[in-house]
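Undergrad: What follows is the residue order along each chain.
There are 2 protein chains.
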Amino acid sequence: MKIDDNFYMKLAIDEAWKYQLLTYPNPAVGCVIVKDGRLLAIEAHKEAGMPHAEINALKSAYLIENPNSILKTKNNSQEIHNFLIENHDGYFNDCEIFVTLEPCNHIGKTPSCANLLKVLKPKRVIIGHEDINKIASGGVQTLESANIEVSLRCMEKEAYNLLYPFIKWSNGTFIFYKMAQTLNGCIDGTISSKMSQLYVHTLRDKVDLMLIGGNTVRIDKPTLDARYIGGRAPDIMIYSKNKIFDNAIPLFKVANREVFISDDLFKLLDYKFVMVEGVYKLMNILKEKIDYIVLIVSPKIRNGINALNEIDIDFEIVHENYLGEEKIIYLKRK
Amino acid sequence: MKIDDNFYMKLAIDEAWKYQLLTYPNPAVGCVIVKDGRLLAIEAHKEAGMPHAEINALKSAYLIENPNSILKTKNNSQEIHNFLIENHDGYFNDCEIFVTLEPCNHIGKTPSCANLLKVLKPKRVIIGHEDINKIASGGVQTLESANIEVSLRCMEKEAYNLLYPFIKWSNGTFIFYKMAQTLNGCIDGTISSKMSQLYVHTLRDKVDLMLIGGNTVRIDKPTLDARYIGGRAPDIMIYSKNKIFDNAIPLFKVANREVFISDDLFKLLDYKFVMVEGVYKLMNILKEKIDYIVLIVSPKIRNGINALNEIDIDFEIVHENYLGEEKIIYLKRK
Numbered sequence: 001m002k003i004d005d006n007f008y009m010k011l012a013i014d015e016a017w018k019y020q021l022l023t024y025p026n027p028a029v030g031c032v033i034v035k036d037g038r039l040l041a042i043e044a045h046k047e048a049g050m051p052h053a054e055i056n057a058l059k060s061a062y063l064i065e066n067p068n069s070i071l072k073t074k075n076n077s078q079e080i081h082n083f084l085i086e087n088h089d090g091y092f093n094d095c096e097i098f099v100t101l102e103p104c105n106h107i108g109k110t111p112s113c114a115n116l117l118k119v120l121k122p123k124r125v126i127i128g129h130e131d132i133n134k135i136a137s138g139g140v141q142t143l144e145s146a147n148i149e150v151s152l153r154c155m156e157k158e159a160y161n162l163l164y165p166f167i168k169w170s171n172g173t174f175i176f177y178k179m180a181q182t183l184n185g186c187i188d189g190t191i192s193s194k195m196s197q198l199y200v201h202t203l204r205d206k207v208d209l210m211l212i213g214g215n216t217v218r219i220d221k222p223t224l225d226a227r228y229i230g231g232r233a234p235d236i237m238i239y240s241k242n243k244i245f246d247n248a249i250p251l252f253k254v255a256n257r258e259v260f261i262s263d264d265l266f267k268l269l270d271y272k273f274v275m276v277e278g279v280y281k282l283m284n285i286l287k288e289k290i291d292y293i294v295l296i297v298s299p300k301i302r303n304g305i306n307a308l309n310e311i312d313i314d315f316e317i318v319h320e321n322y323l324g325e326e327k328i329i330y331l332k333r334k
Numbered sequence: 001m002k003i004d005d006n007f008y009m010k011l012a013i014d015e016a017w018k019y020q021l022l023t024y025p026n027p028a029v030g031c032v033i034v035k036d037g038r039l040l041a042i043e044a045h046k047e048a049g050m051p052h053a054e055i056n057a058l059k060s061a062y063l064i065e066n067p068n069s070i071l072k073t074k075n076n077s078q079e080i081h082n083f084l085i086e087n088h089d090g091y092f093n094d095c096e097i098f099v100t101l102e103p104c105n106h107i108g109k110t111p112s113c114a115n116l117l118k119v120l121k122p123k124r125v126i127i128g129h130e131d132i133n134k135i136a137s138g139g140v141q142t143l144e145s146a147n148i149e150v151s152l153r154c155m156e157k158e159a160y161n162l163l164y165p166f167i168k169w170s171n172g173t174f175i176f177y178k179m180a181q182t183l184n185g186c187i188d189g190t191i192s193s194k195m196s197q198l199y200v201h202t203l204r205d206k207v208d209l210m211l212i213g214g215n216t217v218r219i220d221k222p223t224l225d226a227r228y229i230g231g232r233a234p235d236i237m238i239y240s241k242n243k244i245f246d247n248a249i250p251l252f253k254v255a256n257r258e259v260f261i262s263d264d265l266f267k268l269l270d271y272k273f274v275m276v277e278g279v280y281k282l283m284n285i286l287k288e289k290i291d292y293i294v295l296i297v298s299p300k301i302r303n304g305i306n307a308l309n310e311i312d313i314d315f316e317i318v319h320e321n322y323l324g325e326e327k328i329i330y331l332k333r334k
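Top line first, the protein sequences correspond to chains A and B. The C-terminal position of the first sequence is numbered 334 in UniProt numbering, with every residue numbered one higher than the one before it. The C-terminal position of the second sequence is numbered 334 in UniProt numbering, with every residue numbered one higher than the one before it.
To be clear, the hints were calculated from the coordinates, so they are not data collected in a lab. Treat the hints loosely; a few may be bogus.
The list treats identical chains as interchangeable, and a pair is accepted whether it falls inside one copy or across any two copies.
[Unchecked claim] Below, simulated DSS-like cross-link-like pairs (lysine-lysine); rule was C-alpha separation at most 30 Å, straight line:
1. Lys194 with Lys221
2. Lys2 with Lys194
3. Lys194 with Lys332
4. Lys206 with Lys2
5. Lys194 with Lys121
6. Lys18 with Lys300
7. Lys267 with Lys123
8. Lys72 with Lys2
9. Lys287 with Lys121
10. Lys157 with Lys194
11. Lys253 with Lys334
12. Lys289 with Lys332
13. Lys123 with Lys168
14. Lys74 with Lys2
15. Lys334 with Lys281
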């Protein structure tokens, strides 16, 4: 197997995917640092407001040769920036820094990564995809102005797939369909493990809106909150022509959430980050609008309902990962 | 992400899985070499008679700092051994060598890896799983006798899953069920890409026996050879009580293959490496005997027959990989 720029960029991309969708409204980004051929750090941006991928990776890389540094205790972006600017002492001059997205060039919730790299002066910065955010872009120019070698478009297609949700929610709406099934496509009964359920609650905590079918609400009487992780319950749109629902259904009783009943799917476009759950008959209507399907597959065969058996769609697998013993697969329509 | 022994061993394990089942009768083995912290090689054993994983990795690692060495032209195990013994000049003394299986200690089709390592004297050898083959084992003792530090049982469970087919076919019979389906479990029509079909022919070329159902033979009239790769056609057992078949069915006309018709599944145990194809109703009868299911999943949803809908089985995913745009998933019954 070839150990080249693509190899290290792939490590950064895979690390970033672990936090895909969870960084909203920020992009999922990964960063790998190789110092004089030695792999020192594989890190990612984990959540909005927390340090960017580059900052996590620079911190990890610094601590490899300075394991007792006070840096260990610093978790805030600004503090890590300040520490590294004062104490780097050329540590990064023989480093190659692989980052899936052009380092940000503006000071937002966290300081600018491009300005920090300009000071740290690594040997080379390898970038997967340019920034599409006009406010944050310009990172390449900042690096080049400091005579840092920059290599662009390393694994650009994979970096684009990673960035795609961010591109959509930055300029409009990102809609994903969450499904859980057994290996043979069965969807009824309890399919998912506790760990996958926790993950679904983590997603619910992040999205602006959940779309759910009226019949599912009437039959399953769900709560659709994020209680497993103590998270925020998303607003709900119930897709239904018939506007009459039993008010005792738990989802209506959750505090600090809006619920509305509508059969106008254009309303989804008023939101930036939308999750669709459990309306299989809507798949055909929605399929032109859905950006990703997030499919959780439990490795078992069961005799049950195969809800998708009326549909014909071709996908590209943009990524897959483990959720404990189950798989999570990110699919994009071809 | 932690970059430790487990990280490097996982790279070796993943590389080895690319050749899982294709190394028969040898085990699938991977090897990673890290020299003074620098990742130099990720290699695997690819096919019986070809160099072991360690040899491929030692060659790759040597060529990193000696890219114009004549070693580049050597592909034969004995030649690579001889070259390295004469020319290593201490190159591997600061190397850590991660190998998924204890290095072999006997001279078979290829020279002993443990003896070669004894001469090259790496700093440390990290081993996933001990050798279960009495003839080849003893590698650890050979290394330790040369004062090479040995770390055992790194990612042992994953290394065991990788080794499991070899353990089974060395001491009896390894039986796997090959299936192809869409995401939603549909099995009819043309499911797999050309690349997956090539892979299936590569498997057929390796196995001792294929088991196929009588009805499949009567209806589909298959050839069941390995013509896409110019490979050897495996012997065939047709599972059927009714022994009467149309002799014009192509599978009977393939040269140099035995075909027999039987409803005695114990006959499978006369073979070491058995592949089962297309007898879904046998899954329930065979499930106690099947070691792995090799499931090829095409990322599309189709309206069709879901052959597995009458079965209840829980699996562990032991590995998964891409076959072009499709997935190949290795499942083991829980």
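Undergrad: Each of the hints needs a verdict: does it hold here or not?
TA: To see whether the hints hold, each was checked on the structure:
Taking the shortest alpha-carbon separations for Lys194 and Lys221, only the intra-copy value of 20 Å comes in at or below 30 Å, while the best inter-copy value is 46 Å. When the C-alpha separation of Lys2 and Lys194 is checked against a cutoff of 30 Å, the pair qualifies only between copies, where the shortest distance is 25 Å, while the shortest distance within a copy is 38 Å. In this assembly of identical chains, Lys194 and Lys332 lie within 30 Å of each other by CA distance both inside one copy and across copies; the values are 26 Å within and 21 Å between. In this homomeric assembly, Lys206 and Lys2 come within 30 Å of each other (Cα to Cα) only across copies, at 27 Å, whereas the closest approach inside a single copy is 38 Å.
In this assembly of identical chains, the alpha carbons of Lys194 and Lys121 never lie at most 30 Å apart, being 45 Å within a copy and 48 Å across copies at closest. In the homo-oligomer, the alpha carbons of Lys18 and Lys300 lie at most 30 Å apart both inside one protomer (23 Å) and across protomers (24 Å), since each shortest distance falls under that limit. In this homomeric assembly, Lys267 and Lys123 never come within 30 Å of each other (Cα to Cα): the closest approach is 49 Å inside a single copy and 64 Å across copies. Only between protomers do Lys72 and Lys2 lie at most 30 Å apart by alpha-carbon distance; the minimum there is 15 Å, versus 34 Å within a single protomer.
For a Cα distance limit of 30 Å, the shortest separation of Lys287 from Lys121 qualifies neither inside one copy, at 47 Å, nor across copies, at 59 Å. In this assembly of identical chains, the alpha carbons of Lys157 and Lys194 lie at most 30 Å apart only when taken from different copies (23 Å versus 33 Å within one copy). For a Cα distance limit of 30 Å, the shortest separation of Lys253 from Lys334 qualifies neither inside one copy, at 40 Å, nor across copies, at 41 Å. Within a single copy, Lys289 and Lys332 get their C-alpha atoms as close as 11 Å, which meets the 30 Å cut-off; across copies the closest is 37 Å, which misses it.
Taking CA atoms no more than 30 Å apart as the test, Lys123 paired with Lys168 passes in neither setting, with 33 Å inside one copy and 50 Å between copies. With identical chains, the CA atoms of Lys74 and Lys2 are at most 30 Å apart between copies only, with a shortest distance of 18 Å across copies and 36 Å within one. In this assembly of identical chains, Lys334 and Lys281 lie within 30 Å of each other by CA distance solely inside one copy; the values are 20 Å within and 33 Å between copies.
This entry does not satisfy hints 5, 7, 9, 11, 13, going by the numbered hints stated previously.
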